[in-house]
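A.B. asks: Let chain A serve as the given structure and place chain B on it in line with the hints.
Letter by letter, the chains look like this.
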Amino acid sequence: MTRTAERWISLAVFVGLILFWQLLSRIYTAEIIPGVPLVPGWDVLVSRTFLSMADYWGGGLGVASVGEGAERSYAAAALSVVTHSWDTLLRLYVGLAIGAIGGTALGLAISWSVWSRRLIGLPMQLIQGLPLLAMVPLFQLWFGTYFIGKIAFIGYGVGVLFVAGTLNAVRNVPQIYIDNALTLGASKLEVYRTIIIPAIFPELRATILLSLGVAWATVIGAEYLGAQSGLGYILVYSQQYGYVDRMFFVALLFIVYASISYAVFNRVSARLTRWVPRASAPARVA
Amino acid sequence: MASDTSMIDGTTAVLPSRPRAADQRGVTVWATLRSFRIDIFGAIGLVLLVVFWWGLTFVVPRSSLPSPLNVFRRIADDFVVADMLSYYGLPETGLMGSMAYTAANVLIAVVVGGLIGTVLGLFAARVPVARAISDPILNTVGTIPILVMAPFFLIWFGTGRWSAVLLVTVYVLVILYLFAQRAAENLDPVYESSARTFGAGTGDILRDILIPGTLPQVLGGIRIALAGAWGLEAIAELLGAQQGIGKIIEVLAGSLDIEGIFAALLVLGIVAVIADWIAGALVRYVTRWSVSARVGTT
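As given, the protein sequences belong to chains A and B, one line each in that order. First residue of the first sequence? That's 1 in full-length UniProt numbering, and the numbers climb one at a time after it. First residue of the second sequence? That's 1 in full-length UniProt numbering, and the numbers climb one at a time after it.
Each statement offered as a hint is correct.
Reference listing, derived: stretches of chain B covered by chain A, where coverage requires no fewer than 3 residues with Cβ under 8 Å from a Cβ of chain A:
| no. | segment |
| --- | --- |
| 1 | 42-48 |
| 2 | 142-152 |
| 3 | 234-242 |
| 4 | 247-259 |
Listed next, the stretches of chain A that the computed footprint assigns to chain B, with coverage defined by at least 3 CB atoms under 8 Å from CB atoms of chain B:
| no. | segment |
| --- | --- |
| 5 | 118-129 |
| 6 | 137-151 |
| 7 | 239-247 |
Hints were generated in silico from the structure; no laboratory data involved. We put the CB at the ideal spot given by N, CA and C, even for glycine.
If we strip away everything but chain A, and leave its shape as in the complex, we get (with noise of 0.2 Å):
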């Protein structure tokens, strides 16, 4: 089979699954509560679901929210949207910034001597094992539920991540560039500054995708146990009413900003790395 055949079946198994799920609206027409279908259709998706989403927007912008008496409206509904979704992707990506930062730093700081990083063997593999979202009430505790609380655990889950790759990726250059620097009279800083940083950053490149896997779902653990606001707030506030449809809504809407972060990080870090020579990459992959 031809891979245009496979691409059409492929587009056909979606378009058909969004038709079932019309289809199954109309024929399941159960309501979980009233108003609220256990399966809405997209009619009711992008109609009433969307118009709920005005229940919240806290006000402002010369738009009233419906906590003020107002009665629920489009401008109301896409301003909520766009607020909380701003508020999700603030701490992923300010979480995802500080965590790569600080953990690539933390990681090139202990790979620095021989001493240090074995010492850190055993007990990294400790921290690595403890179940990351187990600790969302631990962080709660310590940071709060608002803005810092939420990146300061983001960071932790990517910093955690970006320790282990750093530390994988410094122990894979290979020792002949070092000691051919050494050799000629670099100073260790100088080696790191021209040898090791730049050597490093291909390696890191799976630890950079796959830390958004992690920025995904911490925030969204952060969310759902205590926040004020955001697409997690919204999601876990709905279930507690059972408003399915609110659920889908949301769920959605995160399913689309994940697909494009992917994209997006996978374009820029592709192009990035582009200069790399494609014989140093398998090394990884075994």
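C.D. replies: Chain B only, in chain A's frame:
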């Protein structure tokens, strides 16, 4: 999922690599056991970590950071029955019993999800039509942060055991689907071609080539899935469950009992690390004939 290739390659970077096992030619049971021995530097590092933690308790208030000694004592006290938790109506308050419940759920999910994912992945790798159908579905599920599904499962299946198990099962299934598919595609076609030349049927090829040939990578995938499964199971229990270590953490967080949270997290973390060691040793033993398993963790 757009990033699947890199994600799978990337996981090798995340897992602690074990060059020592790789050095040994002809890994035997003895060598597998020996790979368990803890290196002296690691042990010193671990002691330093505890000392650092202990030192930190003099700077940070006790309400934020309990001392290691208190946490260890707490683990010992609450191991079988936790008196403080007996008022919350939990069917199981001890750390051991709760941990056993959580571990059982993880085990069920890893076995079921692993089996289904592997079968689907191998099937998709060899039957293009099946692949064209399953790839868009499973790759979409793979892109979804799996945690998004948790509230849905809670609504559909309630707060019992099965909504958490299902969540972890889906997670494991997606990973193993990708790993098995990749492994089957990476298998040199010459093995299957030559077997067919000798008259092997589909069943023979499956038994003698496809399954043993993909086993190292599939088991590597199981190990990676296992590492993530603990946290996912715990947060599923945190969101809504009757028992389990996640439920214990939820109750303790409600009463701001940071010492108890530390104790529960430490028990969970230690079990997760030990499970990873056992899985790693098992992978090395089962795949001791394989070059690729000896070279890397994948």
